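Put together the whole structure using the sequences plus the hints.
Listed below are the residues making up each chain.
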Amino acid sequence: MTLLSNLSIKWRISLGFVLISCFVLIISAIALVESARTLKNFTQYQQINNEATQMLAIDNSVIHTQRAVQEYVHTGYQAVAEKAKRQLSDLSDTLAMLRPNLSASSDTETYLNKMTTHLENYSRTFEFAVEEIKNGKVFLQTSQIYFKSIADSGDTPADIRNKVLDINNNLYSYLFDPDLQLVTASLNQLDQLIDLSTSDLKERLIHYKRQYLNVIQSKRGHLFLVTVVMAGEAQEFQYVSSKLKNRILADKEVVSTQFRDVISRTHSIIVATSTILILLALALAYLITRSIIRPLDQITRTFQQLADNQRIDKIPGIHLKDEIGTMSRAADTFRLNDEKNKILARELSIERSNLERSNKELEQFARITSHDLQEPLRTISSFVQLFDKQYQDVLDEKGLKYLSFINEASNRMRSLIHDVLEYSRIGKTGDLELIDINTLVEDILKDLHAAVQSKGATVSVGRLISTMGNALEVRSLFMNLVSNGLKFVPEERKPLVEIGCNIIDGLPVYYVRDNGIGIDSAQRDKAFMIFQRMQDRKTYPGNGIGLAHCKKIVESHNGKIWFESSEGKGCTFFFTLGGQAWTTSLSA
Amino acid sequence: MKPVSDTAHNGNRRDFLKKSTAALTGLGSITAAPFIYSKKQFRLVVIGTHAALQEEIRLKAMDDLGIEIVHEPAGNAVTMHRAATRPASFDLYEDSTDGVKILWQAGSIQPIEIERIRHWDSINSLTKTGKLTPDASYGAGDAPYTLLWAQKNRDLKPTPSDYVSFVPTFHNVDSFGYNADVIPEGIAYETESWAWLLDERFAGRVAVINAPTIAIFDLAMAAEAKGLINISNIGNMTRWDLDRLFTILIEYKKNGHFRGAWTSVPQSIDFMMNEGVIVQSMFSPAATALRGQGLPCIYAAPREGYRAWHGGICVSSKTHGPELDAAYEYIDWWLSGWAGAYISRQGFYISNPQHSKKYMTQNEWDYWYMGEQATEDLTNTQGQIAVKKGHYRKGGSYTNRLNNINVWNSAMDTYEYSLLKWQEFLLA
Chain A
1 MTLLSNLSIK
11 WRISLGFVLI
21 SCFVLIISAI
31 ALVESARTLK
41 NFTQYQQINN
51 EATQMLAIDN
61 SVIHTQRAVQ
71 EYVHTGYQAV
81 AEKAKRQLSD
91 LSDTLAMLRP
101 NLSASSDTET
111 YLNKMTTHLE
121 NYSRTFEFAV
131 EEIKNGKVFL
141 QTSQIYFKSI
151 ADSGDTPADI
161 RNKVLDINNN
171 LYSYLFDPDL
181 QLVTASLNQL
191 DQLIDLSTSD
201 LKERLIHYKR
211 QYLNVIQSKR
221 GHLFLVTVVM
231 AGEAQEFQYV
241 SSKLKNRILA
251 DKEVVSTQFR
261 DVISRTHSII
271 VATSTILILL
281 ALALAYLITR
291 SIIRPLDQIT
301 RTFQQLADNQ
311 RIDKIPGIHL
321 KDEIGTMSRA
331 ADTFRLNDEK
341 NKILARELSI
351 ERSNLERSNK
361 ELEQFARITS
371 HDLQEPLRTI
381 SSFVQLFDKQ
391 YQDVLDEKGL
401 KYLSFINEAS
411 NRMRSLIHDV
421 LEYSRIGKTG
431 DLELIDINTL
441 VEDILKDLHA
451 AVQSKGATVS
461 VGRLISTMGN
471 ALEVRSLFMN
481 LVSNGLKFVP
491 EERKPLVEIG
501 CNIIDGLPVY
511 YVRDNGIGID
521 SAQRDKAFMI
531 FQRMQDRKTY
541 PGNGIGLAHC
551 KKIVESHNGK
561 IWFESSEGKG
571 CTFFFTLGGQ
581 AWTTSLSA
Chain B
1001 MKPVSDTAHN
1011 GNRRDFLKKS
1021 TAALTGLGSI
1031 TAAPFIYSKK
1041 QFRLVVIGTH
1051 AALQEEIRLK
1061 AMDDLGIEIV
1071 HEPAGNAVTM
1081 HRAATRPASF
1091 DLYEDSTDGV
1101 KILWQAGSIQ
1111 PIEIERIRHW
1121 DSINSLTKTG
1131 KLTPDASYGA
1141 GDAPYTLLWA
1151 QKNRDLKPTP
1161 SDYVSFVPTF
1171 HNVDSFGYNA
1181 DVIPEGIAYE
1191 TESWAWLLDE
1201 RFAGRVAVIN
1211 APTIAIFDLA
1221 MAAEAKGLIN
1231 ISNIGNMTRW
1241 DLDRLFTILI
1251 EYKKNGHFRG
1261 AWTSVPQSID
1271 FMMNEGVIVQ
1281 SMFSPAATAL
1291 RGQGLPCIYA
1301 APREGYRAWH
1311 GGICVSSKTH
1321 GPELDAAYEY
1331 IDWWLSGWAG
1341 AYISRQGFYI
1351 SNPQHSKKYM
1361 TQNEWDYWYM
1371 GEQATEDLTN
1381 TQGQIAVKKG
1391 HYRKGGSYTN
1401 RLNNINVWNS
1411 AMDTYEYSLL
1421 KWQEFLLA
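Protein chains in written order, with the working numbering: chain A, 1 to 588; chain B, 1001 to 1428.
Derived by calculation from the structure, the hints in this document are not laboratory data.
Values in this document were obtained by computation on a predicted structure and should not be read as measured data.
It cannot be assumed that every hint is accurate.
Away from chain A, derived, C-beta distances all over 10 Å, residues of chain B [what the hints assert, rightly or not]:
no.	residue
1	Val1070
2	Thr1085
3	Gly1107
4	Pro1184
5	Asp1199
6	Arg1244
7	Thr1263
8	Leu1295
9	Tyr1415
A short, non-exhaustive set of chain A residues, derived as facing chain B with CB atoms under 8 Å [what the hints assert, rightly or not]:
no.	residue
10	Ala185
11	Asp191
12	Leu213
13	Gly221
14	Val228
15	Asp251
16	Thr266
17	His267
18	Thr458
Glycine included, C-beta positions come from ideal geometry on N, C-alpha and C.
Now the structure itself:
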């Protein structure tokens, strides 16, 4: 875990993939090696199996060959002899073909050499047996010629003829069932007949006996060759063949066992390796996931706590060296900033409360002051008027002049107090409502009709978008701006006032343009300040509170007010009154 | 149809035999008819078993006699068949006398004049009368003395005459050999028994000779010793006897009791040396050779008695004139002593041992003939130690062994039937 936590998430995930890829490679490599081993064993198994098949073919061939040999021995047919020879030749060929196919080992070589030797001996002996049987036939034919020369001769005495007939029958009996006693007795009889006979018959009997013996020896000869020599060779051939077959089968069993073991081991190794590596991969995935998810969960919970405005002393995971650590440290910075903001908000709230309280106190002060000041001011005015009326005749011109100054100052103070009172009331009364600005402007122009007429002014009004607002204040706003347009115009110039509205960035921007004296750029900052006058009072009378009124009304509607002007070339005041009215107006 | 003349026929047969014999024996050039130019040009063709036809004997004989001698050794049965059917293919036949009856009846051998055998009188009584000592048994079967004397009526009877069918030479009593590394050595005439050939403990490691005229007797004695059969005349078994005997043997064969049947002495050595055989009927030289190669092969002295055989030299009926003279000289040479001493070192006996004694050391004579303890190591004909100092010959002295004969190798009246049964046995 320590190692993992020292790595970035990117490296951790990469490491995970690399390790899992390595696991897959290991499994693949093991599977490859084991499958190669399996293939090798399978090839060996195939070879051994082929050897076993060939040995079975040899066994089968031996059986057929022996059958053909026995058939020939019993029938004496030459065609059968040829068939047996062909089968012997085929067997020899099969054996020769088997030699290079068999796995090379000294005992295999010995077995094959012995089999070859026994087969050669068997084949050679069979050739002798065939010759012996052929000879036997010749001997038999020859003996029968002599027999007929004796039996058919008129010179042969009847008793000798009869005995020779019996002797000849015994020969055939012997050939059918070789019983030596039969022919031994016959040969003794022949000897007696030879002794008894004379001249030509004796000679024929001697020849007959010789051929008779040849037939017997030939029979004995081929019997011996077949039953002893060939049978002995066949037995040894079969014995060695059996040994070789058993060795092959034993090898086959060994290879089969190895084959099974290899497959079983391959299976076990792959299963075990796969299981171990899968478990390792899962463990690795778990560790990597946990190293990522766990701190993320903690951070998520922390963020939720933060969202719930709970106090968090510390962001978890800031010690981590990975991306989560970076994120945690960033979050911790955010937390610290949030803490600071909260402190600032609290301080701001206090400041705001203080400000509101101060404003209220100031407003109350202004209202009280304005209201309280009006009473003594009215008293002053009343007494000034009474003084003027009572002592007009008494006072000289200078006194009257002074008295006039007092009266004018009282009136101006009254007007100032009125304006301050009005200023303090802005934004304090009345609910918001939808105001039809066009109607509102029409009403204003009716009120200003006399002034417009007197100055010969021209007022043009564009289409004005309705808006939400305090109707009295908005009316005062337009009134102030239009009045200023009519007022601050040089005498020689007829006032031109244009009232309109543009849509900028989705908000209605109202404007009031005039051709008046304009505002000097040096005084731009003072334009909206209360009681700031930019012209002399004599030329343009007033208290210097009109634009301050306008600014306060616009700001109480969450809007903005500004102007474009150059001295002597008129001025255009722009203002907004928030966006709510626009939406409503459009929908209307 | 004119009868085929004997001469013409024999001529054809001789040509055939030359070819077939060459092929059968693996020798390329043999058996041209003996020619009479001078002694040096004589070429005697001798056929027989490996035991009899030994190279050292041939070389010694040629050296002593000044004639060319060709040995064509083969297995016992093959040799006999060749001798019986192809007399023109050989001059002399050296083999066991159990084939003499067949060869005599076939007319393939001729009577031998005893007057022309200078050493005839030195030949002992075993073949002349059938016994070395009066108290000995003749033994069942074709005892050599019953086949020796050729009568004027062409019969072979135990009645002395001027002619014999064979000249007795080497002989022995056979039994079986066993590997003492595997089978603990038995006691002669007491525990050693022919029954071992059918002992189930040795199943799969038993062999016999592939010669019915020999092996049948070994196996019959084994079956009798084991109490499996009782045969009235083991030397001339009837078909019924053979049926009963082979029923038993085939059962054993099918159960895998027999490793096989050997055809020659070298093969019998190979069987015991390399093929896992631990007990088998065998010839004495094979046992001697095995001991020389380090395998402790013991040639048993079975309590039932031996199967005896007698070797002899027969003369082909087709050998005449100077070749016949040379044949007689060769026979006399055989009896003159050296050859008898030579084969005695292989465990055989010679019919006139007194002539061979001078060619043997006293130690050899005492061990081989007198049955006494070897006072020093004895070597075989190959120079290998065949008998360790202190060893006794199994069965005792020559007389003692030859007095314990159960049966002689024989060609029974049921010879042909025995061949058929033998084949059945081999292929079972």
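Hints, one by one, checked against the model:
No Cβ of chain A approaches the Cβ of valine 1070 (chain B) within 10 Å, the least distance being about 20 Å, so the stated non-interface status holds. In this structure threonine 1085 (chain B) is not separated from chain A by more than 10 Å, as the shortest Cβ-Cβ distance comes to only about 5 Å. Against chain A, the non-interface label of glycine 1107 (chain B) is violated: not every CB pair exceeds 10 Å, the least being about 6 Å. Listed as outside the interface, proline 1184 (chain B) is consistent with that label: its C-beta sits roughly 28 Å from the nearest C-beta of chain A, beyond the 10 Å cut-off.
At the 10 Å boundary, the C-beta of aspartate 1199 (chain B) stays outside the reach of chain A, the nearest C-beta of that chain being 21 Å off. Residue-level check passed: arginine 1244 (chain B) sits 18 Å from the nearest beta carbon of chain A, beyond 10 Å. Its closest Cβ contact with chain A, about 6 Å, brings threonine 1263 (chain B) to no more than 10 Å, contrary to its assignment away from the interface. The Cβ of leucine 1295 (chain B) sits about 19 Å from the closest Cβ of chain A, beyond the 10 Å cut-off, so the non-interface label holds.
With 10 Å as the threshold on Cβ separation, the claim that tyrosine 1415 (chain B) sits away from chain A is violated: the shortest Cβ distance comes to roughly 6 Å. For alanine 185 (chain A), the shortest C-beta to C-beta distance to chain B is roughly 11 Å, which exceeds 8 Å, and the interface hint is violated. Annotation: interface hint on aspartate 191 (chain A) holds; nearest CB of chain B at approximately 7 Å, less than 8 Å. Interface hint status for leucine 213 (chain A): upheld, as the beta-carbon distance to the closest one in chain B is roughly 6 Å, under 8 Å.
A least Cβ separation of about 5 Å between glycine 221 (chain A) and chain B falls short of the 8 Å threshold, and the interface hint therefore holds. With a least beta-carbon distance of about 5 Å to chain B, the hint placing valine 228 (chain A) at the interface is held under the 8 Å criterion. Because the beta carbon of aspartate 251 (chain A) sits about 20 Å from the nearest beta carbon in chain B, more than 8 Å, this interface hint is broken. Hint status for threonine 266 (chain A): violated, given a least beta-carbon distance of 39 Å to chain B, over 8 Å.
The beta carbon of histidine 267 (chain A) comes no nearer than 40 Å to any beta carbon in chain B, farther than 8 Å, and the hint placing it at the interface is violated. With its C-beta approaching chain B no nearer than about 145 Å, threonine 458 (chain A) sits outside the 8 Å limit, and its interface hint is violated.
Comparing the model with each numbered hint stated earlier shows that hints 2, 3, 7, 9, 10, 15, 16, 17 and 18 do not hold.
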